[in-house]
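Take these sequences, add in the hints, and give me the full structure.
2 protein chains.
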Amino acid sequence: MNELRKDLIHGRWIEVLSESKSPSEYLLETVKRSTETTCVLCQGREKETPKEIASIRRTGTAPNTPGWWVRAIPSFKPLFQVEGNLDRRAVGIYDRMNNIGANEILIESPEHNIKPEDMGLDQMIRVIKLYKDRVGDLSKDLRLRYIFIFKNSIIDPCRESFSHPVSFLIATPVIPKNIKDELDYAKQYYDYKERCIFCDIIREELKVGERIILETRNFLCFCPYASSFPFESWIIPKRHNCDFHAISGEEVEDMGLAIMNILQRLKAVFKTEPPFNYFLHTAPNRVPRRGQWHTLGDDYHWHLEIIPRLIVKSGFELGSGLFIQTTMPEKAAKYLREV
Amino acid sequence: MNELRKDLIHGRWIEVLSESKSPSEYLLETVKRSTETTCVLCQGREKETPKEIASIRRTGTAPNTPGWWVRAIPSFKPLFQVEGNLDRRAVGIYDRMNNIGANEILIESPEHNIKPEDMGLDQMIRVIKLYKDRVGDLSKDLRLRYIFIFKNSIIDPCRESFSHPVSFLIATPVIPKNIKDELDYAKQYYDYKERCIFCDIIREELKVGERIILETRNFLCFCPYASSFPFESWIIPKRHNCDFHAISGEEVEDMGLAIMNILQRLKAVFKTEPPFNYFLHTAPNRVPRRGQWHTLGDDYHWHLEIIPRLIVKSGFELGSGLFIQTTMPEKAAKYLREV
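Sequences listed follow chains A and B, in order.
Counting from 1, position 89 in the first sequence corresponds to residue 98 in the numbering used here; the numbering is continuous, with no gaps.
Counting from 1, position 220 in the second sequence corresponds to residue 229 in the numbering used here; the numbering is continuous, with no gaps.
Source of the hints: derived by calculation from the structure; they are not laboratory data.
Hints are supplied without guarantee of correctness; some may be wrong.
Said to hold, decoys possible - Derived DSSO-like pairs (lysine-lysine); straight-line CA-CA distance at most 27 Å:
id, chain 1, residue 1, chain 2, residue 2
1, A, K276, B, K15
2, A, K343, A, K276
3, B, K343, A, K189
4, B, K247, A, K15
5, A, K15, A, K138
6, A, K15, B, K196
7, B, K56, A, K322
Stated by the list, open to error - DEER-style ranges, computed between Cβ atoms:
id, chain 1, residue 1, chain 2, residue 2, range
8, A, E28, B, R98, 13 to 23 Å
9, A, N73, B, C208, 55 to 65 Å
10, A, R98, B, K60, 51 to 61 Å
11, A, M10, B, P59, 16 to 26 Å
12, B, K202, A, Y201, 24 to 34 Å
13, B, G20, A, L130, 38 to 48 Å
14, A, N122, B, L36, 25 to 35 Å
15, B, E339, A, G20, 58 to 68 Å
16, B, K60, A, V321, 46 to 56 Å
17, A, R98, B, H249, 22 to 32 Å
18, A, Y201, B, V100, 17 to 27 Å
19, B, R98, A, R98, 45 to 55 Å
20, B, R98, A, E259, 34 to 44 Å
All C-beta atoms, glycine included, are put in the ideal place defined by N, C-alpha and C.
This is the structure:
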């Protein structure tokens, strides 16, 4: 019998099918791979991109020249723009504001064809340090409410995308809906239990064990009990902290290992590179002022969500918001753990 | 400059791009059309389907024989099942229950190749009456919290789908997330303003006019100010009522005209049949007991949402819940109004 499971963190129910699909039963979307071996984001073509905002580079090399390991540049087609003011106002009974924010490309390597799971720990650490650096910098802008970092492994026809290894940063003057739901439901739980829901989940998962993929010194990697997508995996720090920017040096290293490890496991389980997204979930900006989140971070816990794009959601799921989970999280975790 | 608009009914912000895409700029997904001209849902093959639950048929014809105009049967592959008990319980810190509910196929016509917009008003009225009949019947089952009726015009590889004209009904023991959001935010508005947000929207749209596609005696058809999908259109009754089942005979007829009219307009604007879903949003079951929705329906207003499937949401949109609107609702309404 299929079962309904409650996703406590988003306040929604998920239907988990009892007949779990195995990895080979997913028809992987044809990944549109570019055949190019160099592009405008490669080392040596720095003059062809918008001017770099930040980089980690060899001592003595100048910005916008070769010598960098990782590099942040403005988006070529930004969804949000830095200049201007919010101009919040009513339009009849409705509300609007300008799209003030930031939209950056975080170039993960000077090499065109390297994959995150193959770039080596030193390089992965630089990528995470660049994430941290950009979050730290943008969190000073009081117009911004949220800084969202994510990776899209595929050439996405709808949005800006590159065959070069990149992550993206989008900073917004509002808190995106999914994050707002997480904050609201985590706060509801905290108000009731006076415990962080994510810390409770970590304890529960460690006790039960069957949804764990990997445990490192500082992180737990697991398939959530009521996830929305098959083989969805979370990487969460064991140490309570609402804010990704407070990650320690040791945690950066450990997180790098965890990301590479999970991506390698996904590749092994699917016997190919499944297309995936990952999303960094952290507390909103301006924590001391966040108003309704008065607990100042006791009720939220940053983490990374890795979502292989194995399926397209059906009309019913998109319309109702009731998602169907086609692979039981315990089975997905078993595949990923034992591969 | 792009702008952010607040979707008051779902508590989320939408980015509306200033460079609106015109209808011809959408690459319509190739609609997988079956070449078959008859199927198990056609008249004459009643014995090959699960036994009918309800039908509207010629006087003197027996159930499960020819003579019907519309017919409800159980799904061949139900996501929810009628038999059993909910068995709600904790699993560690989590919550689960059984998938008790209903999953029905609402066959819209005995004819295999007819389209909703071409079936004629009499037949469309029967389809809406069948919706009403099924909602009325299932709302007596106290285990069920929500009855969701929707249409999926395309052969959906993920779910049960047919080349025969059908709608689907899924009844669930929980309120699906998107509906719960609507109920919560509509209640929040009602608590603050002591007015139905949907009634306010109807008044605002009638005043402004630029997002209206069509106005009939009983219904308003418009493109919402902060919709998530391009060319998304709503059909909403002018008379306040939370419950679709309370639709009057005159409203049934008028709603049929409105649905056919909007679908014809979409076809004309896109110069082909765009794939679409529509979703009937109504109040949850057991209204007198709904507890947190204590206003007994003053704060909710049933309606139909028509969503052409012109785009696939990007990784950023799915991960953040911040949707990008690629055609300004005012422009979409203009195309649909003037075609």
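How the hints compare with the structure:
{"no.": "1", "hint": "K276(A) / K15(B)", "in the structure": "violated, 40 Å"}
{"no.": "2", "hint": "K343(A) / K276(A)", "in the structure": "holds, 15 Å"}
{"no.": "3", "hint": "K343(B) / K189(A)", "in the structure": "violated, 33 Å"}
{"no.": "4", "hint": "K247(B) / K15(A)", "in the structure": "violated, 36 Å"}
{"no.": "5", "hint": "K15(A) / K138(A)", "in the structure": "violated, 35 Å"}
{"no.": "6", "hint": "K15(A) / K196(B)", "in the structure": "holds, 23 Å"}
{"no.": "7", "hint": "K56(B) / K322(A)", "in the structure": "violated, 32 Å"}
{"no.": "8", "hint": "E28(A) / R98(B): 13 to 23 Å", "in the structure": "holds, 22 Å"}
{"no.": "9", "hint": "N73(A) / C208(B): 55 to 65 Å", "in the structure": "holds, 57 Å"}
{"no.": "10", "hint": "R98(A) / K60(B): 51 to 61 Å", "in the structure": "holds, 58 Å"}
{"no.": "11", "hint": "M10(A) / P59(B): 16 to 26 Å", "in the structure": "holds, 18 Å"}
{"no.": "12", "hint": "K202(B) / Y201(A): 24 to 34 Å", "in the structure": "holds, 29 Å"}
{"no.": "13", "hint": "G20(B) / L130(A): 38 to 48 Å", "in the structure": "holds, 41 Å"}
{"no.": "14", "hint": "N122(A) / L36(B): 25 to 35 Å", "in the structure": "holds, 28 Å"}
{"no.": "15", "hint": "E339(B) / G20(A): 58 to 68 Å", "in the structure": "violated, 33 Å"}
{"no.": "16", "hint": "K60(B) / V321(A): 46 to 56 Å", "in the structure": "violated, 33 Å"}
{"no.": "17", "hint": "R98(A) / H249(B): 22 to 32 Å", "in the structure": "holds, 28 Å"}
{"no.": "18", "hint": "Y201(A) / V100(B): 17 to 27 Å", "in the structure": "holds, 18 Å"}
{"no.": "19", "hint": "R98(B) / R98(A): 45 to 55 Å", "in the structure": "holds, 49 Å"}
{"no.": "20", "hint": "R98(B) / E259(A): 34 to 44 Å", "in the structure": "holds, 40 Å"}
Checked against the numbered hints above, the structure violates hints 1, 3, 4, 5, 7, 15, 16; every other hint is satisfied.
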